[in-house]
Amino acid sequence: MAPHDRLTTTLPRPRVAAPPRTLLEVEDLSVAYGGHEVVSGVGFSLARGESLALIGESGSGKSTIARALLRLLPAGVGRAAGRVSFDGREVLGLPERQFRPLRGREIGFVPQDPSSSLNAVRTIGRQAEEAAALLDEPDARARTRAVLDTFAQVGLDDPQRVYDSYPHQLSGGMLQRVLVGLAVLPRPALLVADEPTSALDVTIQKRILDLLTELRGTLDISLLLITHDLAVAAERADSLLVLKDGRVQEQGRTASVFAAPASSYTRRLRADVPALNPDRYADLRAVGGGRLAAATGGPKIEVDAVSKTFGDVRAVDDVSFGVEAGTTHALVGESGSGKTTAIRLLLGLDQPDEGRILVAGDELQGRSGASLRAVRRHLQLVYQNPFTSLDPTWRVERLVREPLDRFKVGDKAERRERVREALRSVGLAEHLVRRRPAALSGGQRQRVAIARALVLRPDVIVLDEPTSALDVTVQADIVEVLLRLQAELGLTYVFVSHDLALVRQLAHTVSVMQRGRVVEQGPVAEIFDAPREAYTRSLLDSLPTGLEGPLAT
Amino acid sequence: MSSDYARYAVRRVLQAAVVVLLAYVFTFVVISVLPGDPVSNTLRNPENGFTEDEITRIIAYYGLDQPVYVQLWESLTRFLSGDLGVSLRSNLPVSQMLGDVLPSTLRLAGTALVVAVVLAFALAFAVQYLPPRLGQVLRSFPSLFLSVPNFIVGLLLLQVFSFQLGLFRVIDSETPLATFVAAVALGIPVSAQIAEVLIANLDHESRQEYAAVARSRGLGRVRLFWKHLLKPSSLPVVTVIALTVGELLGGSLITEAIFGRAGVGSLVQRSVSTQDLPVLQAVVALAAVVFVVVNLLADLLYPLLDPRVRLDGGRRTGSTTPTTDPVRPQREVVAP
Chain A
22 MAPHDRLTTT
32 LPRPRVAAPP
42 RTLLEVEDLS
52 VAYGGHEVVS
62 GVGFSLARGE
72 SLALIGESGS
82 GKSTIARALL
92 RLLPAGVGRA
102 AGRVSFDGRE
112 VLGLPERQFR
122 PLRGREIGFV
132 PQDPSSSLNA
142 VRTIGRQAEE
152 AAALLDEPDA
162 RARTRAVLDT
172 FAQVGLDDPQ
182 RVYDSYPHQL
192 SGGMLQRVLV
202 GLAVLPRPAL
212 LVADEPTSAL
222 DVTIQKRILD
232 LLTELRGTLD
242 ISLLLITHDL
252 AVAAERADSL
262 LVLKDGRVQE
272 QGRTASVFAA
282 PASSYTRRLR
292 ADVPALNPDR
302 YADLRAVGGG
312 RLAAATGGPK
322 IEVDAVSKTF
332 GDVRAVDDVS
342 FGVEAGTTHA
352 LVGESGSGKT
362 TAIRLLLGLD
372 QPDEGRILVA
382 GDELQGRSGA
392 SLRAVRRHLQ
402 LVYQNPFTSL
412 DPTWRVERLV
422 REPLDRFKVG
432 DKAERRERVR
442 EALRSVGLAE
452 HLVRRRPAAL
462 SGGQRQRVAI
472 ARALVLRPDV
482 IVLDEPTSAL
492 DVTVQADIVE
502 VLLRLQAELG
512 LTYVFVSHDL
522 ALVRQLAHTV
532 SVMQRGRVVE
542 QGPVAEIFDA
552 PREAYTRSLL
562 DSLPTGLEGP
572 LAT
Chain B
11 MSSDYARYAV
21 RRVLQAAVVV
31 LLAYVFTFVV
41 ISVLPGDPVS
51 NTLRNPENGF
61 TEDEITRIIA
71 YYGLDQPVYV
81 QLWESLTRFL
91 SGDLGVSLRS
101 NLPVSQMLGD
111 VLPSTLRLAG
121 TALVVAVVLA
131 FALAFAVQYL
141 PPRLGQVLRS
151 FPSLFLSVPN
161 FIVGLLLLQV
171 FSFQLGLFRV
181 IDSETPLATF
191 VAAVALGIPV
201 SAQIAEVLIA
211 NLDHESRQEY
221 AAVARSRGLG
231 RVRLFWKHLL
241 KPSSLPVVTV
251 IALTVGELLG
261 GSLITEAIFG
271 RAGVGSLVQR
281 SVSTQDLPVL
291 QAVVALAAVV
301 FVVVNLLADL
311 LYPLLDPRVR
321 LDGGRRTGST
331 TPTTDPVRPQ
341 REVVAP
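Which chain is which? The protein sequence lines are A and B, in order. Counted from 1, the first sequence has number 67 at position 46 by this note's numbering; the numbering is strictly sequential. Counted from 1, the second sequence has number 223 at position 213 by this note's numbering; the numbering is strictly sequential.
Just chain B, same shape as in the assembly (with noise of 0.2 Å):
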């Protein structure tokens, strides 16, 4: 198995690798293709006041007189030894602007994953265990939380604990009661995904002959749901969350701009408003590599967990799920 692994792992990271360079290509070439010239208007711009000097200095450090993949190529060595240029319109460091903004963005997304998966799994275990007819309601709650958009949960729970029960302020947006009130916001809509997954799977678990032979070891059915229905379940549900990654960076766009909250979805917005090319360059490739970098966790993580994956030289095989009939996360993610 080692060594099997090993090989796996470094396929693996080298195929991330791949992603996410073609991931700053990608968004290169369409930024490059935009019609219109931003750094030439925005430099021109006699409100900016530049100099003429400054702006063939601005010019050459971004080598705009040099042929479109030579641009490509210094964007690319100065992406990857760490320079994420400077901003149109702050004249900050790209690389400064980011770190400003992204701790409130990684405390609001990690908030939001761990309620989207206790949410989820609370959900799941009280349809499997509350009484058959109230667990048919809550059935319903996974569709019923992705039908309504995060925006509309996020206004009505400002409205709630904010204005009404006045907990805490819409202006001090930064407190921990305030982040986890955005975090529920943001989490609701990802946990749907995951309750999704986690219930279609505990129900065709319970139906396996595996489960009738445990109990018929006089197993009750709340240890039957820890001790067996619970791991294979839940193993599935390692790609799902890998996967609404995305949604949580995307949808935490809007929950900031509600929330009035300096994140990076502000940052965004800000930036597409004013074509500052640097830095939304430098938005995409963080998200690529954000999300790159969690699913190639899942993908680490799924052959230590599920035993019956085999790893024949270095590809992973064998069913992900015991029986025929993989539930698999059923809504693409779009990500940011």
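One chain only, chain A, in its complex shape (with noise of 0.2 Å):
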């Protein structure tokens, strides 16, 4: 991990004592894709040095704007209309050849994905030098060292190796990290920051919302932040403007618009983040916590101490916890912390080196597979990334229906009524059966992903990271179909998440796990209020809470 103190180099640009002035103004700002509108009368200010959040879900028109503002929108396709002055000048009618010399220079950009948005088949050093050309500075080795330099302030351990690597060789923290130093080196005035770290892990979230705010009052630079996490914006901006479906709901300070809402969207969109409401579904998780407090017997799920090696990575390493009926057990812990693997010996699709994994009292190794096949049929799967999960080329219907094809369940008709009821529900519409995929949204999908888990009334599901490709309000519909369903047919879950906040609505029990060993264990309320090890605390600490501390109460 990289150390994150390294941003106390003082920097060469000195403050400016003047009032603060405005640095864009954006008025009347309409986006059209092929002659459809998505963003329609947008109007915002930011004053130099100023940050300003843009919320909103998928499709309420925050990329779009900000692509607009660096007329990087699609050739041809997307047409923006409206007035963008930036810093005193009319620029959205600007002939391309003098808006150019603005990117980079006065209005850097920090995208969203890390891991698409360098060229693969590039040193991450000569797309470096691509910002350090913007520098001014004749000198070639003097522009390496600016570059070397400001991936030192960013945090990044080893600059020169950095420099010489390709963008597959580093994690997506670092090449965050990169996208950031790239963005800040040429000393712009405004930063535009799509998204930074929806891509990545909370603890590193942290680290590189931390490094922009650091950078925002070192360099004197304005930021324009664009997040669907309202806790995130409430956190780091001064203003908010929250969006939906292209329109402007509410905009003002940050202490106004966040403590009291004035739109019902925003409401909503504040109750939604797990984060401000680890209460919300008490009512509904208070069924399992129920079962948990009765629980007799064996529990339904036994992972006794379980170790698997990957060539010389020890995945998982002496992992033991235990699963009561009808309760939620969560695994928590940043990527690479062996949870993954964890859910795949579980599921028997990886035998585990040692230990052993019982299921209702059954032993899951050394099973011939038609035994291993009635087991899996009560162990079934939601996958976290509902856009890649379900077949595109097959209909709702076949999709929910194929788990009962293969196990050969009743006949034509009872398939068919058994579909509808999964269907049902998940609280999906009944003519949403003859959709394909791509007709469904984020939420639908993960919908139908559940109902094809559900289709074969199976005991236990795993959940794996089930919401964390969706939207903060697609996540808690979600969540609620997840703890409802629980609550009637007394499933068991193994849910599998990186989002404490998260964790905290939904599971009962948690292991908290880091390089392959559980490294604490327990309720869920215990770890959260007390939580005895440090890395729980820096998991716990990393999360975004608006203007109030931390969680932990």
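Zero decoy hints are in this set.
Under the rule of at most 25 Å between Cα atoms (straight-line distance), these lysine to aspartate or glutamate pairs were calculated in the DMTMM-like manner:
hint	chain 1	residue 1	chain 2	residue 2
1	A	K265	A	E48
2	A	K265	A	E501
3	A	K433	A	D412
4	B	K241	A	E150
5	B	K241	B	D213
6	B	K237	A	D134
7	B	K237	A	E158
8	A	K429	A	D412
9	B	K237	A	E127
10	A	K265	A	E71
11	B	K241	A	D134
12	A	K429	A	E442
13	B	K237	B	D213
14	A	K265	A	D134
15	B	K241	B	D309
16	B	K237	A	E150
17	B	K237	A	D160
18	A	K265	A	E78
19	B	K237	A	D157
20	B	K237	A	D185
21	A	K429	A	D383
22	B	K241	A	D185
23	B	K237	B	E219
24	B	K237	A	E117
25	B	K241	B	E219
26	B	K237	A	D170
27	A	K429	A	D480
These aren't lab readings, by the way, just hints derived from the structure by calculation.
Both chains come to you apart, so use the hints to assemble them.
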């Protein structure tokens, strides 16, 4: 892990003592893609050194606004109208030739997905030199030095190694640091950050956001932060602007918008942020809690001292946990902590090197194919990304019916009835059964994935980050569906997540994993209120909580 | 990387050798099951005037009195030691006949490849950077190039450059200009395949996030093309070029006939009509060697060009294009 306390270097640009002046003024901005208007009549202003957050769900037009400001809308398709003045100069109507010098030099851009935002076949260094070329520094060695200094400044441990690497040789967090570095290197007046952390783990998310806040202070950069997470926005921005379907719902100073939202939409967004509402589903969760308290006999799932090694990496190291029937056990940890390997072992997709796994008292290992299939029937998986886990050429009906066909359950009429029942239980309307995944929203797709897991009436469902690809509002819907199904059907969940706020809303017991080992384990309330391990505390501290203090109560 | 690369290279070279041997065996078998016995037909044709003694000697030389598998073994060992046999028609060693015509064909095919690559890259660049309306027209060029048979292009070029403008004489077909004109006729359909893949890849790459992010660092469209888009778009082209070598060899047959060039094509043509089996066997073997060697080079080159390709225990893994949506050559290439 890179240290994040390296931001002490003082930088050349002195703080301007003059009163805040408007840097960016947007009036009546509309953007259309091929005649379809996605942003309508948006206006806001951003003063020098200030920060503004644009908040909204996917499709709210927030990223489109960022692209329109940078004039990087897809050529020939996207069209922007209205007025955008930057530093007192109208820029929307400027010819490309005159606007281009502003990009990078005056307006920096931090993209959303670090893994696809750098050219995969060129070294980081060669791409960094493009940013350094904007410095007006004639000496090539001085430019390279500036690149390496910036890499050190954004907390990259070995700048020369990063400089010589190709993008695929670095982690997502490191790449995002590189991208932040490249954006601030030419000392722009404005930084546009488009969901700069949504592809990253919570702890790395906090470090990147800290970095942006820090750089904003030391370099006197204005920040336009685009996010779907109200808590992140409230924590990091001076003002907020809430967008829905391309229109402004509400805007104002963070304190007033966040503390007393005027629009119902903002109130809903606020209610949907797990970190702000740990007890939102307390009633539904209490059903499983009661089962946990009343539990007698053996647990539904027992993982006993399981280890698994891949090459030199001990992916799972002496991991044990148990899950009572009808309750939720969460596995939390960052990428690479071994949670995914642990559930692959549980599902029988990999065999453990040591230890044993029991489901309803039956051992998983050493079974023949047929009896393993019988166990699997009661052990279903909901995968994290509903955009890739459903066959795009199949209709909903067939997607949900497939497990029934595989296990040859009932006749045609009975299968159809069970598909209907599964879809009803996840709250999907009847008319959607003829649709293909492409015609469904992310939330609808994940409901299809859950219905598919439910259709065999399993006892246990493994949920692998089931909401990490979804917006907070959609996430809240899915969480509610999951909890209701558990309360009604007595399902046992193994829930894998890096989002502790979600774990607190949903789970009854938790195992915190780090580098393949369980570092802390117990009931959710105990672990969250009184974490013993520093690692657990750092995970909890990473949660964005808006204006209020850290989540720990 | 280096020891992995060495393992990978050895593996590829062995595979290539196996392919060449199999191609040779396959041709031999096909020829030996053909109806009719051209050898004894020819030898016993009174017009050729072989004596009975000579016939016996020739038949013994070719081992034609032996069973087929012995003949195959003999033929294969001769092939491996570089002896391609003697023509049934001219009594000249086949290697000498090939040596006479090969330089002409290599000149033609090599020039055609250069023409094809240059034309394809120019077309792809123009599609990206000319005004959209003009670019749209240029996009239809690859299909146009492919749908016009190259003998029509060849005849047109011959008509214009030789008969109308008189820039070269049809009789004297080996001048550089004559070679170039023939190479254009041969290269146009090949360039279409390269251009099609290149244009599709450039479209794909220019829509990638990294392209927008690079522009956010102030890069203009032309610098974006040269510094960012060209390399990832051209990597798959290496494979396409290797595959089009077959097309070049096959196409040279027709092109040589039109332009009256004495190349491998005309030799094949003569040998087919006269059933000169040793020559045909040698030409097929030669085509297989060329095709295999060129594709071997492409395979060996690729890991050096693309940093993402990993060589695990001598196997090539990892994506060969940066995204989930690779563009591959869309047509089957017919080897001669």
